[in-house]
Structure formats: structure tokens, C-alpha cells
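Asks: Top to bottom, those sequences are chains A, B, C, D, E and F. Just so you know, we're using this note's numbering here: the first sequence kicks off at 208 and counts up by one. Just so you know, we're using this note's numbering here: the second sequence kicks off at 208 and counts up by one. Just so you know, we're using this note's numbering here: the third sequence kicks off at 208 and counts up by one. Just so you know, we're using this note's numbering here: the fourth sequence kicks off at 208 and counts up by one. Just so you know, we're using this note's numbering here: the fifth sequence kicks off at 208 and counts up by one. Just so you know, we're using this note's numbering here: the sixth sequence kicks off at 208 and counts up by one.
In case anyone wonders, no lab produced these hints; they're calculated from the structure. Owing to the predicted nature of the structure, the values given are computational and were not obtained by experimental measurement. Warning: the hint list may mix true and false statements.
Note that the list lumps identical chains together, so a pair holds whenever it fits in one copy or between two copies.
As the list claims (entries may be wrong) - As a list, the in silico DMTMM-like pairs of lysine to aspartate or glutamate whose alpha-carbon atoms are at most 25 Å apart:
{"#": "1", "residue 1": "383", "residue 2": "401"}
{"#": "2", "residue 1": "214", "residue 2": "443"}
{"#": "3", "residue 1": "383", "residue 2": "222"}
{"#": "4", "residue 1": "214", "residue 2": "401"}
{"#": "5", "residue 1": "214", "residue 2": "405"}
{"#": "6", "residue 1": "421", "residue 2": "353"}
{"#": "7", "residue 1": "383", "residue 2": "420"}
Below are the chains, spelled out letter by letter.
6 protein chains.
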Amino acid sequence: MFLHNRKMMYTVQVDQPNPAFAKMLLEQFGGPNGELGAAMRYFTQGWNEPDGPRRSMLLDIATEELSHLEMVAQTLAMLMKGSPSQLVDQVEGNYLGDLLDGNMPDYVNMSLNSGENVLGGGGPRLTDSMGAPWTAAYVDTIGQPEADLRSDIAAEARAKITYERLIKLTDDAGCKDTLNFLMTREVAHQKMFEAALDAITNNFPPGTLPGDEKLGHAYIADSGAFGAAGDDTAIDGFEFAQANSAWGFDLDTDPVGHASDQEVKPPPVEAANA
Amino acid sequence: MFLHNRKMMYTVQVDQPNPAFAKMLLEQFGGPNGELGAAMRYFTQGWNEPDGPRRSMLLDIATEELSHLEMVAQTLAMLMKGSPSQLVDQVEGNYLGDLLDGNMPDYVNMSLNSGENVLGGGGPRLTDSMGAPWTAAYVDTIGQPEADLRSDIAAEARAKITYERLIKLTDDAGCKDTLNFLMTREVAHQKMFEAALDAITNNFPPGTLPGDEKLGHAYIADSGAFGAAGDDTAIDGFEFAQANSAWGFDLDTDPVGHASDQEVKPPPVEAANA
Amino acid sequence: MFLHNRKMMYTVQVDQPNPAFAKMLLEQFGGPNGELGAAMRYFTQGWNEPDGPRRSMLLDIATEELSHLEMVAQTLAMLMKGSPSQLVDQVEGNYLGDLLDGNMPDYVNMSLNSGENVLGGGGPRLTDSMGAPWTAAYVDTIGQPEADLRSDIAAEARAKITYERLIKLTDDAGCKDTLNFLMTREVAHQKMFEAALDAITNNFPPGTLPGDEKLGHAYIADSGAFGAAGDDTAIDGFEFAQANSAWGFDLDTDPVGHASDQEVKPPPVEAANA
Amino acid sequence: MFLHNRKMMYTVQVDQPNPAFAKMLLEQFGGPNGELGAAMRYFTQGWNEPDGPRRSMLLDIATEELSHLEMVAQTLAMLMKGSPSQLVDQVEGNYLGDLLDGNMPDYVNMSLNSGENVLGGGGPRLTDSMGAPWTAAYVDTIGQPEADLRSDIAAEARAKITYERLIKLTDDAGCKDTLNFLMTREVAHQKMFEAALDAITNNFPPGTLPGDEKLGHAYIADSGAFGAAGDDTAIDGFEFAQANSAWGFDLDTDPVGHASDQEVKPPPVEAANA
Amino acid sequence: MFLHNRKMMYTVQVDQPNPAFAKMLLEQFGGPNGELGAAMRYFTQGWNEPDGPRRSMLLDIATEELSHLEMVAQTLAMLMKGSPSQLVDQVEGNYLGDLLDGNMPDYVNMSLNSGENVLGGGGPRLTDSMGAPWTAAYVDTIGQPEADLRSDIAAEARAKITYERLIKLTDDAGCKDTLNFLMTREVAHQKMFEAALDAITNNFPPGTLPGDEKLGHAYIADSGAFGAAGDDTAIDGFEFAQANSAWGFDLDTDPVGHASDQEVKPPPVEAANA
Amino acid sequence: MFLHNRKMMYTVQVDQPNPAFAKMLLEQFGGPNGELGAAMRYFTQGWNEPDGPRRSMLLDIATEELSHLEMVAQTLAMLMKGSPSQLVDQVEGNYLGDLLDGNMPDYVNMSLNSGENVLGGGGPRLTDSMGAPWTAAYVDTIGQPEADLRSDIAAEARAKITYERLIKLTDDAGCKDTLNFLMTREVAHQKMFEAALDAITNNFPPGTLPGDEKLGHAYIADSGAFGAAGDDTAIDGFEFAQANSAWGFDLDTDPVGHASDQEVKPPPVEAANA
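Given these sequences and hints, build the entire structure.
Replies: And the structure:
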């Protein structure tokens, strides 16, 4: 079960209100790589996980992501208009009045944030920075640890980069500090998931079916100079993969050749007007 | 640019029509880990990729995923009712007539597949196995190679497991062979993406900002016996992560302690009825 | 910030696995009136709420809804196949093998649950009972307390009814006990939100603009015998509203009359082919 | 069945074209609290309602909401570029030419409205103000009157506030008059739904199952100083609820205590690498 | 503005309740080619249409589609369980009791309809037959008559076929009669839209820009025997198009040749690890 | 199967980077009438098509649409910031640095493009111009050629208009040339689909059921002066349809009359509080 402590996990600072930056920060509230998605990814894994230590780690991290979600919400509220209370005073007394009276650089900011302003009363909404509502389609849990842990590693990497980009987009020292905390924790989580994946011996390929040995090693060159005369002098992806893997890829430059013995049943012409 | 060869990439075989299995196979046509999502993930990465060999590899693999999508479409059409031509004859002559006349085990199968039957004329639709339409929310490309390649590795692992589960759900030898080909290629792709990630020196953490050294190594125990008296004898996620990583985690059992010097501004009570 | 205690908020009991009922119960995991939606509704309100006691109550309830979400997840895992560990053993060893071997009443059950089985590895997914992914479109927070509290009262009423229907659909005594706990708590929450709305003096109409006095009291009869000769002997909604309200409605049986002095500019014919 | 009278329900006035405001007004055309959602909420209730007067009232109001939808469409067309005919003349002759020629304050307006301009030909589209398409996920009908009427009351309150915010965002007298009509009608509808709820004796709790008496009255304090030493001096949601309700809440400050006799089956460690 | 007459546009008959068929019929309530989509397509066109007769026709048809939506709702309610009143009596007294008691053919029917039953109280919900919520993404209005009328013709053709398939899926004489009415009206509407398109002289190509004469007539053979040696003996789409059009297509069998003078800037290798 | 040639189908030119125009061009990448939707519409039809020449033509066109998708991706990358490589150098070195340093006209541009910048790393994302993710709800394939070909004709018309609007919104000569190529090809495709529809004898009405002769010819005037006294002098849609069709419509000015013999069962009043 869950408990809530009234303090933030880390002190949230915002030096200056900035609705335009708030709009971008929504990415980490209700966006694909944001904190709600992170929490739900790890909870759905943890609640279905029979392995004790792995379940324990998943629930530790999922719980922390909820605390991150709360921090982003607080940051958003402060970016929209100082403290939430000041915002609501204005909102319901004379909604967005001082924006129109010129306390904002220009009229544009208002329009840019209409979603938050018209719908949210100045509070955070569960959308990405373009206003698309959060969807569980972002949660890629499939209930198999060797695959799920790789999804977790990737998700933390994407979250880290998103925070990094946001940090580079603002000059607000308070904001930078807050976002730096959040970004750093994603780095730590990525490492924990890598440790958990390492703990599974023989984790490649994931699952139990081995697949077809020969096809598994083929590098099939589907992109080249097909349909044109002359040599293909393109830079080669095969050499790139081959040079960086102990796997031993075989180059297959005749992708259509696989189908040479194939009989594709001709569709019956007489059915054309059916 | 793209060219289409009229042969399949690999011969598609289906021994017996089976609408119920077709419904499940939709997962790999228009589902989150299916072939359209794979193709779009790698194309959006490749078309924005300045590095030659990496772009080359991404476009090779993306093109192959399109050929997979076509194979799944062919499998679906055959599972629904033998060859597509036979299906359409029936569909427009006496729609689903023989299903109702008893050639299908029971009436249930029809109902289970209403999406394909009513909407698709017996052909494949871009939904998952539950009928949810494919959405670009499944494509997690963010345009940063160190993160995107990790997303690719995870996506291939998920696709491998999904094919594995589908293989285990059918006794149809033809289907098993077709799905085994597709599953195996996902294994090969996963390895190629791992090679491409290895080719980037110092790929952890992704991006350029280092984050906060101390916070990055903390294992914060947010899940335990909080709110209750007595000892916490739970299995420990920290020991699990610590044992399987060279990273050097620090255990933090006082998560609230981070906030000890925090002053959360009390919200003004007088605004309650605003 | 959030903490997680490893015990459930209330003991979850399931006497018999039942995948078909699990499919229906998904409604309260990732459905429109389910626990994720409840938690997110109250968090987005609480994090933007300046009034102390109201914020406190919103965060108390939101936190409890997360504990409910965990309970539903546990119920789902047990309904799918006993304890999660037994399920995963099977899943990755011989996926759904015993379902096909006849431990399930019939083949139908498997097909009905393909979403959970194929995609989720037997674990809960954030969809409704028909497989539609959870979307933030379900969260109707608008950041104005007089409206939001009414939304909360309505949401709890819907959640109560959904649990009631689920209870009536199962004979499993353990399940009934678990769902009865969850249903009862929604009743308690509804009452708390009603108390919070009562605490706002003059909460009708919500907001600060009074509107037009005359129009506000008109009952406009838009549904009747329009377009047909003869008397309208229909049962009257006006009398119904009038009898049950101290408001004083005026009946308006000539809805088109409002527009009598209206000049709708005729569209220019010459632009037809533009 | 439905009939359409060519006059508007109330004269729509717009003094000055204003694409930026049109973008915000989309909220009430295809947004969550807009007129399409309102019409569909009441129609789906009315078409399934056996009680005569209630059905009559629901269909009266639903029909009026359609007339509102038409009024918002007309307002949008006029805000985008005067009369619709003038707009289309320009659109297909020299699309948005005068915007680029400087008749608009700045280039920004065009970009802000690209959805309407590029996709809609200057006409209204069924999206919210951020471009998210209308979805039936907004319709919270569940087919139980005691819950549905509460949803209706809440929906009208949200719609009222949204119109109020839009009125405060514009200086256009014609627009204000039009929006004031629409806002006022939502107030009237809210009162009608309150009357209909009052007409149901013993409407709390909704439905027929009573729930557990003791749990139903418990106020569980899940948010506090958990995980930290020292006193919890926080503002108390319990006192707030207690003071404003005749219900008689019991304070429960030991939320974890509920679970004291709970045996959570430990997950089997040996399955870790499965 | 709109008015509602309490009679149906055409008498709705259902001889026998049939929840499984109700599930399929949802396709025309909240599905992509259903009545809500039709009404919204024509309303959004009509409300933005300056041409008088065209606007008049669009609003005539759009209004009729709303009456169709009501008829489908009534059919759904009767298919779910006789008259709506009987349904609700049961639902709230002993929810779906007689389904479980064996009045339904088998247990399966209940599961198949869980969306309607659990969420809708036996009433129609705005989803397609697979439970995907209606979305405005189905409405393809773009505000240009020559394109929109073609979209309308296509939409009516799709709706006609969907009704035809549903008619073939049921033996219920009442249902067949009701659906035959609805299907026939779509045929009539298709013809009206064709008349409206014919009324626009020179309606091809739509819009005002002529395009490039030479490219506009080229048939480019992108699908063939590319990548393989030997002759391409495939059936020819070019001959098919050529034989059935007065347009005069030019066959282009060298699709890559277009790009022969193209210099694709090589991506800089040195940025690989950026 | 598919092959990829490294050249573009047509040389993509962009004279000046222009993020604001890139935002609008997204419409044709991941928007409803964009190239992904086109490719998927024709592939899903072609893969289920038994008629040889029609299948051949569908796959030719579908393949070309993929090449268009690639061209739009390249245009987007160049509009965002010259060549992709220059963009990525900046992105990961000092993300969007020169935007903030004033190389862009104003700060607004950055905010307007936050979706592409924050999420996409300067690369194209599969959304429309407002940020709504691409959804398979855009694909209207139903597996019946007479309906599907009409959908294809309409889709090409919409795509042509969208390109036309985009061409009129830019002064960039390179961009105009690229978009003119894409627009022209949609014109050619529309003509091919018209030829394919003409090749089906007796293609109206689509399908095999004839419908009811009398109802099929009725023009029902649902929009007029209903509910008001006096004459209806409105412009007549019936005359418009009649004048432009050889069909022979019958005018029906008494739409409610159809229901004259209808007995709508009165809902039982006694169930009001159920």
C-alpha cells in the first residue's frame, strides 16, 4: 500500500514564472517518457513479478517515480504563475487578467498555453507538450523479465535525454537544479535495471525458443542500389555491425534470393468484379 | 526510395484456417510490438541519422520490417479463410455464410472476430488483438542514438517474446514455420542494434550532461515497512542491484530525510472558497 | 513524496482462478472509472490546490486510490492463474499450456483474454475490459474547486456502481469480499467530497459570473411532436423538473421563437464552385 | 427523430475576426467539456432510459446541446475570417493570403492555427484547443440514473466554468453575448439535473448494495509525516470533512494497521530467472 | 437549431434479444462508418459551406443521420434485452441475473459483451464492435467541396457495405427490416452527393493548382521483380488503368531513373558518436 | 517484399530552414491525409485483393507512397535545420543553442515546435501539425473494392488539397518544387483509382443487396422551418440534387409522416427510481 509524506522528495525551485517553458515541461508530466509512464511501467511489472529482489527493486523505483511526478507538478504550477495560491486567486477572480494587462512579454504566451489555461485552471494536465493526452499505449510492459528490463533501460535513457534537453532550454537556476535532480535519478535507475538484467544468466535471446541458427546470423542488405544499373558504392551497415559485435554476421546481398523457390499463388482474375 | 518485389521475403504457410488465432496474430500486425511499429521506429531514426553506417543499417532493417508486415498480412488472410480469393468470393457473395453453416467449430468464433469480419472484409486491420487501433504513441524514437539504440534493443526483445508466445499458442506446422522465421529475424536485429550501441564509445550515461555524482549512485529504498511498527525483514532490492553491478550503489534507507531541510510553502487558507 | 509498504491495504482474496472475470475486472484497473483514473483525478487537483484542508483531503484520498490500484492488480494476477509465480512458471515454460490441455472450461476463455495473455504475460494491463488503453481523457480535472468537487462526487458514484456490477457477476466469495471493500471506500470518498463541496458557501452556480437571469430559469421543450400535426401528449420533463426543484422554471414551448428576430446572413450562391 | 430549423437557437454575434481566440474556443466544440460531448452524454442516457419524465428531460436537453454545437460552429467560422463565404473565397483562391499580407497582427497567429487552416479550410474541427481529436472517452454515461445524473451535474458545472473563462479572455462584445447565452443555459441544465436527482428518493449511496458500514465511515489519513520522525502538524483533512458533513467520519491514523493480520504470500525466489 | 420528435424516423423492430449481434451492430453506432461519424462529417461541412443549395442538402442529410443514430441506439437496447425498461429493472435489481441463470445460450455471450454490460448498464456505448471509443479522427472533412463530396460518396459506400454485412449476419426478420431501411438511405445519400459533385464544373483535379502535366500522367511501376534476375511476368496494373481510363497514362518501368541526376548529400561520418 | 534504394524518388530541395513551416508540413507526414496513411490504406487493400491487376496497381501506388513519406521526412529534416548532420551536431552539443542565440526570428518559433524539438531531436515525428499522434483510425479500408476504391479517390483528393494549401503557405522555391511533385502524383493516383472503379461494371450501389427501391430515391427534407409558423422560403437542396442527377429523386417534405403508423412503446413510469 502507499503512503504520502507532505514534503517533496527534493526541494523544487523556480526562480521566474515562465508559461512557455511550462508547456515544454509537460513532456515529463504527461508525455511518453514522463514520470507517470515510468511509474506505471514499473508498477505493472512489479505487481506481476514473482522474483523477490526484482519485485522489491521495481517497487522501490516505481514509488520514486510517483514522487518525481509530484515534483514535476509542483514545478509546473510554479512556472505557470508563482505559487499555486496566487494563481488561483487570479484565475477565479479575473482569469488571466494580468497576462492580458501586459505582465507577460506578449500575447503569444497566452495562446501557446491555452490548454493549461482554459482547461486546467493554471494547473498541470496529463498531456505531452503538444497537448496529446497521456495514453497507456506508452507502457510497454509485456510480463517477461528479460524483455521488460531492456525496455526499462531504454525508457530511463530516453527520460535522461528529455531532461537534458529541457535543462538546456532554460536559464532558470532553480529549474535547472530541480531538473538536474530528476535527470540524475534516471541515470541511477538505468544502472539498477542493467544490474538486474545482468543477474539473469543467459539472458540472450530472451525467452526459451532458440530460433533458426542460420537466419539469426544473417545481415540482409535490403537497402542499396536496387532497381538501378551500376555499382552500389554505399556505406555499408554490414561492416559496421560486423566490426562491433562478436556475433559473426553473414552478409546476404541477395535478399530476394530467399524467395527463389517460392510459389506465390496467383490470385484468380475472374473474381475481379466480385 | 522503395521498390516492391511481388514475392514474399519468406514463404508463408498456413495449414488450416483459424480465425481465433488470426485474432491473436493481429498483435504483430497492428499491435504495440508489431511490424508496422518496428518499421516506423527505424525509419524515423534512419531518416534523421547523419552517421553513414548507422543510417545504412537502420534503413536495411526498417525495410525488412516492411517485408515482415506483408508476411503477417498474408498469414492473417490465409488464417481467416484459406486463400484471399476464396475469402472474397464468399464475403461478397454470401458473407461469412459457411461460418454460420457450421464449417466453423462454433458460433463463438464469428463473434470473437467481428472486428476483422464486419470491418475488414476478412482482411487484416491495423489493430492489436483486442481491436485497439495502431497509434504512433508506440514509436518511441527521440532522435538521440544512445537512447534510440537502447529502445531498438528492447523493442526487438519484446517482439521476439511476442512471436514466441504466438508460436506456443498454435499447433499449425505451417504457421509455426512462418512465425519462427519472423521471430529469428528479431533476434538477429537485436544483435545488430547491440553492435551499433557498442560502436559508440562511452555511451553511458546517454547524452552530454553528467548529472549529480552522489545522487546518481544512491539506491533509495522507497518500498518497505513504512507506517508500521517493527522490523522490515523484506527481501532487499539494494543487495540485488549491488551484487550484480560494478557501479557501487549507496543504500539510502531514509528517503524522507532528503527533504529534511525543505520548506514547503503552506498554501494560504483564506483562498479556500475562491 | 510517496512511500510504499509491502502489505496490501486490505487482504486480497481469490478462491478460484477465472480469466473471464479477470477480463471484466480490468474495467477497474485501466478503465474509465477505475483506480488509476481516480488517483490521477485527485492528484492533479490536489497538487494545484491552495486551500490547506482541501489539499490534505485530496492527497489522502488520491493516495488511497493508488493502494486500491495495487489491490486490483493483485486480484487480476490471482484470477489469471493462482499466484503470479505459478503463472510465470507456466508462461515462460509452456505458455498457457494447461489452458489448452483442458484445465480451462473451454478454448473460448483463452481467446477472450488474448490481450492479457499475449501482451501481458498473464499480468494486468492498463486497459478497460474491452482492451482500450487508459487515456488521460478520462481525467476531468479543470482546476476550479466547485466544479472539480462535483466531478469527484460523480466519479465516486460511477466507481461504486461499477464495483457493484462486478460483485453481482461473480460467485467467488474471496473476490466478493475484496470488491466489497473497494466499493465501500468509494462510498466513503463520495461523502467526503460532498462535505468539501458543502464547505464552500454559495457554490451554485460555480464560478463568479452570474449569467442571464431569465435564460437561466427557462425550461426549453426541444423534444415533442415537432413536424407533425396533432396534439403532443408526451410525458412532460418540465413538470418533472418543476416538481422537484425550488428553482422556479419557466416553460418555453416555442424554442424556435427565440430566433424570431434573427437574420441569418444567406450564403452567397455565386461561390458554389469555388 | 430529429428536425433542423435553419435559424440559430440564439443570434450569434462576432464583432472582429480573431483566429487566436477561435483556437481557444475549439475547447467547447470538440473539447472534453464541449457541446458534442454534452449532447452525446444525454442522448446515450436518454435512449436507454425507461422512466418517462426523465427520458423526456434528457432528450430536451440533449437536443438543445446540438443547437449549441451549431452556434459554436458559427462563432468559430466567423472568428476565423468574417462570414464563411468570404473565408472560402479566399481560401481556395489565395489561401490565407491576407494573413501573410499583414492583415493579421503577426505571423504567429497563422502558425498557432495551423490545424484549422491546413486541415479545416478555415472551418471548425472536432478537436480541443490543443488539437487533440474528440473521443468518446469523454462520455461518462454508465446507464444507472443515480450515478449518471451526478455526472451530468458535474459536466454542466465544468462547461459553465469553461465558458466563464473564455468570456474573460475576450473583449469582443458580440462574442461575450453569445458565450453568455451558452454559459447561462449550462447553469439552467445543471439545476434541472439536480431536480431530477432529488426526485429519486434515497439516492445515496447509488445502486442497491449497501457496502460495509464501518469502512464506509472511516477517514483514512494516508498523507502525513510517514517515514519521518517527529510530529505531524499538518492541516487536517479529517477535521475539514467532519465539520461539513452530517455523516460522522471516524479518523483512522494508522492506515497500515488494516493490514496487520495480512499474510502476503512471498513470491518464490527460485523463479527469478524464469 | 434542432428539434426532436419523439417518434423514430422508421419503426425499429427486433424479434429476439441477441447480445452477440448487438456487439457487432455497435459498429454502426460508434464505429468508423457509423451514424455519429456520418452526422459529424456532414455537419462540419454544412456549417462551413457558403453555397446555399449545397449547405441545405448537407444539413438535410446530417440531420437524418442523427435520426439513424437514434434508431441504432433503440435497436441496440432491444437486442441487449427486450425493452429498455425490462433491462434496467433487471440490471439494478439483480444485474444480468437471467443471463447467468441460463436464459442466454451460453456463458460466452456475457463475456463477449462485457463492455456494454459492465460499463453501459445494458445501453449503447459510443464504441466500435471491438470496444474502441469513437474518435473525431474518423471525420475526414477538410473544408474544400470537391474533396469533401468525394469523401462523402466514399463514406456512404462504406456505410452501405457495413449494413449489408450486418444484414447477412442475422436471421432476425425485424432486425433485417430495420437495417434494410438504414442501408437503403445510405444508397440514396451517396447518389445525392454524386449529384452535388456533378454540379461543380471542372471538378478534377480538385482545387486550383494544376500540378505538373507530365508527372500527372505517369504510371510508375514500383512493384515488380526488382532485386531479382529474370523476366517480370507479373500481371500489369498499368494495362488495367490504361484500359479503363480516357486519361492517357505513360508507363514508367524505371522508377529509380527519376533520381539519376540526384545528388543526395552524404551524411558526415564524423558525427557518428555525437 | 520490399527493397530500398538510397536515392530519393525525386530530388528534395529546401532553400531556407523554417521550423514554423516544418510544423505545418507534419500534416503530410503523420497527419490524417499524409503519406503514412496513404501507404497503409493501399497496402491493407492490396494484401487482401484477389484480383491480379487491381492488386498490382494497389501495390505500385502503396510503394510509391512510402517513397513520398521518405521525401517528406527529408524535407522536414532540412526545414528544421539544414542537413540532418548539422542539426544533430547542434542538438547534442548545445541543444537548440542558436535558436536561443537569435538565429531564429523570435523566441516564439521555438515554443511552437516544442514537440519536434523536445521529443524528436529535430527529426520528424508521426504526428499531425497539432501534435496528435498518427492513428490507424485514419485508414478506412473495409475490404470491398467498390467502396475501397471510392475511399481511395477521396483520399487522393484530400491529399492533393492539403499539398496545395501547403504550397500556398510557403515562398521557398525549393520547397514549392518538392511539394508540387508530391501534389501532382496524388492527382495521377486519383485518376488511376477512378479507372479501376470504372473497370467494375455496375459498381453502384456497391455490394450485392439492392435495398428498398422507394426509400432509395426519396429526398427527405429534414432541415427547414420546423417548429415555426409561416412559409419555408429556404434555398432547396432537393432542386439542387434533382437538377444534377439522372437518378430521379422524390421530394418528401413530411419526414415525420414516415412514422405515422409507429407505436413507440411508452416507457413504464413506475420504474423511475429503479
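Asks: State for each hint whether it applies.
Replies: Taking the hints in turn, this is what the structure says about them:
no.: 1; hint: 383 <-> 401; result: neither (27 Å within a copy, 33 Å between copies)
no.: 2; hint: 214 <-> 443; result: between (55 Å within a copy, 15 Å between copies)
no.: 3; hint: 383 <-> 222; result: within (10 Å within a copy, 36 Å between copies)
no.: 4; hint: 214 <-> 401; result: neither (30 Å within a copy, 27 Å between copies)
no.: 5; hint: 214 <-> 405; result: neither (35 Å within a copy, 28 Å between copies)
no.: 6; hint: 421 <-> 353; result: within (23 Å within a copy, 29 Å between copies)
no.: 7; hint: 383 <-> 420; result: between (50 Å within a copy, 16 Å between copies)
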